[in-house]
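Novice: Sequence:
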Amino acid sequence: MQTWRDARVTAVEATEALRGALAALGVPESVWSTVRPMVTHKGAAYVHVGMVRADVAEQMAEAMRTPEGAR
Numbered sequence: 221m222q223t224w225r226d227a228r229v230t231a232v233e234a235t236e237a238l239r240g241a242l243a244a245l246g247v248p249e250s251v252w253s254t255v256r257p258m259v260t261h262k263g264a265a266y267v268h269v270g271m272v273r274a275d276v277a278e279q280m281a282e283a284m285r286t287p288e289g290a291r
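In this text, residue positions in the sequence shown follow my numbering: the first is 221, and each later residue adds one.
None of these hints come from the bench; they were simulated from the model.
Hints are supplied without guarantee of correctness; some may be wrong.
[To be verified] Derived CB-CB ranges, DEER-like:
#  : residue 1 : residue 2 : range
1  : His268    : Asp226    : 13 to 21 Å
2  : Thr223    : Pro287    : 17 to 25 Å
3  : Ala281    : Thr223    : 31 to 39 Å
4  : Arg225    : Pro248    : 30 to 38 Å
5  : Glu236    : Arg285    : 20 to 28 Å
6  : Met221    : Ala274    : 35 to 43 Å
7  : Arg225    : Asp275    : 32 to 40 Å
8  : Ala237    : Lys262    : 21 to 29 Å
9  : Gln222    : Ala281    : 33 to 41 Å
10 : Met221    : Asp275    : 38 to 46 Å
11 : Glu249    : Arg228    : 35 to 43 Å
Note that CB positions come from ideal geometry on N, CA and C, so glycine has one too.
Based on the provided sequences and hints, a complete structural model is requested.
Specialist: Printed below as a string of C-alpha cells:
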C-alpha cells in the first residue's frame, strides 16, 4: 500500500507541474484542468493528459523544443 501512496504523491506532483507549465503557456484552464494523476494497481505513477486540441499540442511541443536559456 505504501508503494501505491508514494506513486500517488509522484503522480500528483507531476500533474501539478504539467498544469503549471500549461497555464504559463497561456493554455486555458478548461484544457489543463482535465490533466489527472493516475496510479496503476502495481504502483506505477502516470499523468493522464488525454485528448488535447491540436493548437495546444503545438504549443506544448514548441515549449519542449525551446532550450530554457533561449526564452
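Novice: A separate judgement is required for each hint: does it hold in the structure or not?
Specialist: Hints, verified against the model:
1. Between histidine 268 and aspartate 226 the C-beta distance comes to about 18 Å, which sits within the given range of 13 to 21 Å.
2. For the pair threonine 223 and proline 287, the supplied restraint of 17 to 25 Å is violated, since their beta-carbon distance comes to about 36 Å.
3. Alanine 281 and threonine 223 have their C-beta atoms about 33 Å apart, which keeps the hinted 31 to 39 Å range intact.
4. The supplied range of 30 to 38 Å is met by arginine 225 and proline 248, whose beta-carbon atoms lie about 32 Å from each other.
5. The beta-carbon spacing between glutamate 236 and arginine 285, approximately 23 Å, falls within the hinted interval of 20 to 28 Å.
6. At roughly 40 Å, the beta carbons of methionine 221 and alanine 274 sit within the given window of 35 to 43 Å.
7. Checked against the hint of 32 to 40 Å, the C-beta distance between arginine 225 and aspartate 275 comes to roughly 37 Å, which is consistent with it.
8. As the Cβ distance of alanine 237 to lysine 262 is approximately 23 Å, the hint placing it in 21 to 29 Å holds.
9. Restraint check, glutamine 222 to alanine 281: a C-beta distance of roughly 36 Å satisfies the suggested window 33 to 41 Å.
10. At roughly 41 Å, the beta carbons of methionine 221 and aspartate 275 sit within the given window of 38 to 46 Å.
11. Between glutamate 249 and arginine 228 the beta carbons are some 23 Å apart, a value that contradicts the proposed interval 35 to 43 Å.
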